[in-house]
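Asks: Given next are the chains, with one letter for each unit.
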Amino acid sequence: MTQTFLGMPAASPEEQPHTGGWRTNVEVPQDTLRWGHTFPEGAHKTLANTQMRRNLGHATRTIRNKRQLRVDEMPDWEDLREAAEAVKFEVASRLPELLEQFEANVTANGGIVHWARDAAEANRIVADIIKSKGVDDVVKVKSMATQETNLNEYLADEGITAHETDLAEMIVQLADDMPSHIVVPAIHRNRSEVRGIFLDRMGDAPEDLSDKPEELAGAARAHLRKKFLHAKVAVSGTNMGIAETGTVSIFESEGNGRMCLTLPDTLITLMGIEKLVPRYQDAEIFTQLLPRSATGERMNPYTSMWTGVTPGDGPQEFHLILMDNGRTKVLTDPIGRQALACIRCGSCMNICPVYQHTGGHAYGSVYPGPIGSILTPQLTQGLDDDDPVHTLPFASSLCGACAEVCPVKIDIPTILIHLRARSVDVKRRLVPDMWDVAMNVTAPVMSNGKAWLAATEGVKATRLIGKDGRIGALPFPASLWTRSRDLPIAPKESLRHWWKRTHPEGITPSRTATDAVDAAQPDVTEENR
Amino acid sequence: MRIALFATCLADTMFPQAAQATVSILERLGHEVVFPQGQACCGQMHANTGYFKQAAAIVENHVKTFEPVLDGEWDAVVVPSGSCAGAARHEQRLVAEHVGDAALVKRVDALSKYTYDISEFLIDVLGLEDVGAYFPHTVTYHPTCHSMRVAHVGDRPYRLLRAVEGLTLIELPDEKVCCGFGGTFSIKNSDTSTAMVADKAANVMSTGAEVLCTGDYSCLMNIGGALSRVNSGVRVMHLAEILASTKEAPFEGHASFQPSKDQVRL
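Those protein sequences? They're chains Z and X, same order as listed.
Be aware that the first sequence starts at 571, since it is given in the numbering used here, and climbs by one per residue.
Be aware that the second sequence starts at 642, since it is given in the numbering used here, and climbs by one per residue.
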């Protein structure tokens, strides 16, 4: 998000005073869905960032506890989730006709609808509208769609400065950083880092700024107010479009959104084509699910809904850009397309232990966490094993906590497994890799009792290398296990052999229950002495 | 009842004590146990790593081995692993669907209705919470992710543990958070897995319990490996091992991560 004009090198981070010790550890990527590193590479780097991990651990725990509190007080929470799932299923099934209905209603109410096949097209449309208004400065509401298209970077190259007005998004922008979370972009920062970023990068920050949240918010408010009052054009995303009425909405907490949506003369909204609901009444479901899931609030402080334009009130020109950018390809996968139901609440991130340790940057996409792991590889179709994106479906221990909290009941673990299978299916290597070999060698053995019996004899070999009942070091790739964990040595007798010895008839001998225990127990003990 | 034991590939080779204990409990309660020789693995590792074609052969073998339960040969299939019970209900179906084998989907569905994790079998089928066990030690329980969220064993393991005479159950902080095993995840994302298991091990140690118990040896291998690396002194045991222990005959299977020659007795 550098705002440097061509030919002028950006100030290197080293030249900054780094008040509060903040550092930006990522570069703004060319492709926001594909930063170029694999998940294990990204995680290796972020796991070493102890400050970030503490910040993240604290923040995710706070949000997840709040969410649980607000969910527990809803007697019909499960019904709401099911209703949301059904609405989103309907949207996926009827998307083309709903989009046409939506377009017709937006147009009928005085809005102007554009269609964008991809990010480049979307960015071009936005830039052209801004230029047609003769301005080089716009205000922005936090939006994942514009993150996805890297709009700010594109506009900067076109000589247009986009000011992020969401507090967290502004922190990220000032620090030349990338967001680490879809709802809480600066979740990886603590308040002393935020103070440092403001003092170093926000020209009008008070010199005696402390790290108290109220003071930080006050500084941001003063800084932003001028931008709101001068802006002629605002850019937003949207949480939900309603086909039946042509209504668009924004859910936010700070009021910056309301300012952007009402003050400027021109409003440009970028919307992914999947963010529709069919009927106005469907909004009822999502206005309950979204704030509780996202921030643990009963209701978000500001919900703005607008339908086209209203003479004399609010923006007099409203542009809506409907963007595909890979979504129709996702729609063709009957299992994977559930990911399009996502309402971007981030609750899967807040509960995910992988995300909590690695942070968002490890995922190498503006969509991190569990939902990112299924969305990014589908939007980019990056499942080839040469594509770093293909490592994302493997960036999960499949613990399933994400699916449990998802307000629209996306079965993330199942989709992860499905995408892993798709990734394995598209492998084009002539020489099989370690995993191909391991899986191909073990499968025939594990699908035949006799072969399994023969193969398990080899497990006893671990007794030769184990010391004191455990193995502390093994060569690669087993070293990936033993560098942090011991491995127990295998027992002398496998279960199968024990069974044959203790149950020569093949089944439990017909004795009394007590006899059976006596028959089984001493042998086991004897063996391990 | 006649019960077919599905030992699981991991228990068969590395942790036979879980399966031995399961046999011991069922026999003590007066049931007949059968060990179908054709069994090997449920296919979860291959499926979860994306190798569905290879997993399909494993699933086929599993179904073929245990299908006699449908004809009344046995009354149930019992497995000392919530994870493998979950695979029988979920992953096996995914695999059969992915390879387009509709007949296998049906067979998987039919068999899964007869497949029980040991805690489910004791409570749901036999109607028991107190199985007559005696285990005079402090225990903390980690409800493994697949047991909780795929097999849905719920609070059954806790109910069984609370009914054990002499046992003191200590709550594990952040019990529902994954230990970072995840099968091949622990190798493919070794760094992240290590960070996750470090948290879990720290939580286990914070309880001061003598024994960490779960219903899955896969997770115990992971957490136990981390606890062993720091010489924590916490012993890991499967739920079945604890339930198999009685006053008259304390269960003493092979103790993992313990000196093998001079085995420490609890």
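One or more hints might be untrue.
Computed spacing ranges between beta-carbons, pair by pair [as the list claims (entries may be wrong)]:
| # | chain 1 | residue 1 | chain 2 | residue 2 | range |
| --- | --- | --- | --- | --- | --- |
| 1 | X | Ala743 | Z | Glu652 | 26 to 34 angstroms |
| 2 | Z | Gly606 | X | Met642 | 33 to 41 angstroms |
| 3 | X | Arg803 | Z | Pro871 | 39 to 47 angstroms |
Here's a subset of chain X near chain Z, in silico, CB distances under 10 angstroms, partners left out [stated by the list, open to error]:
| # | residue |
| --- | --- |
| 4 | His672 |
| 5 | Ala681 |
| 6 | Thr706 |
If you want a taste of the chain Z side facing chain X, the calculated C-beta under 8 angstroms gives, among others [stated by the list, open to error]:
| # | residue |
| --- | --- |
| 7 | His607 |
| 8 | Thr608 |
| 9 | Ala613 |
| 10 | Asn635 |
| 11 | Pro923 |
| 12 | Val924 |
| 13 | Phe1046 |
| 14 | Trp1068 |
These are computed hints drawn from the structure, not numbers from a lab.
Every residue gets a Cβ at the ideal spot worked out from N, C-alpha and C, and that includes glycine.
Asks: Hints first: check each against the structure and report whether it holds.
Replies: Cross-check of the supplied hints:
1. X:Ala743 with Z:Glu652: 26 to 34 angstroms: holds, 28 angstroms
2. Z:Gly606 with X:Met642: 33 to 41 angstroms: The hinted range 33 to 41 angstroms is violated for glycine 606 of chain Z and methionine 642 of chain X, with Cβ atoms some 58 angstroms apart.
3. X:Arg803 with Z:Pro871: 39 to 47 angstroms: holds, 45 angstroms
4. His672: Since the shortest Cβ distance to chain Z is 7 angstroms, the answer is holds.
5. Ala681: holds, 4 angstroms
6. Thr706: Cβ of threonine 706 of chain X sits 7 angstroms from chain Z, so the hint holds.
7. His607: Histidine 607 of chain Z check fails; min Cβ-Cβ to chain X is 13 angstroms, beyond 8 angstroms.
8. Thr608: This hint is violated: threonine 608 of chain Z lies away from chain X, its Cβ roughly 10 angstroms from the closest one there, beyond 8 angstroms.
9. Ala613: Constraint on alanine 613 of chain Z satisfied, holds at 5 angstroms.
10. Asn635: Not OK, violated: asparagine 635 of chain Z not within 8 angstroms of chain X, min 12 angstroms.
11. Pro923: At about 5 angstroms, which falls below the 8 angstroms cut-off, the nearest Cβ of chain X leaves the hint on proline 923 of chain Z intact, so it holds.
12. Val924: holds, 6 angstroms
13. Phe1046: This interface hint is violated because 10 angstroms lies over the 8 angstroms limit.
14. Trp1068: For tryptophan 1068 of chain Z, the interface hint holds, since the closest Cβ of chain X sits about 6 angstroms away, which is under 8 angstroms.
Consistency note: the structure conflicts with the earlier hints numbered 2, 7, 8, 10 and 13.
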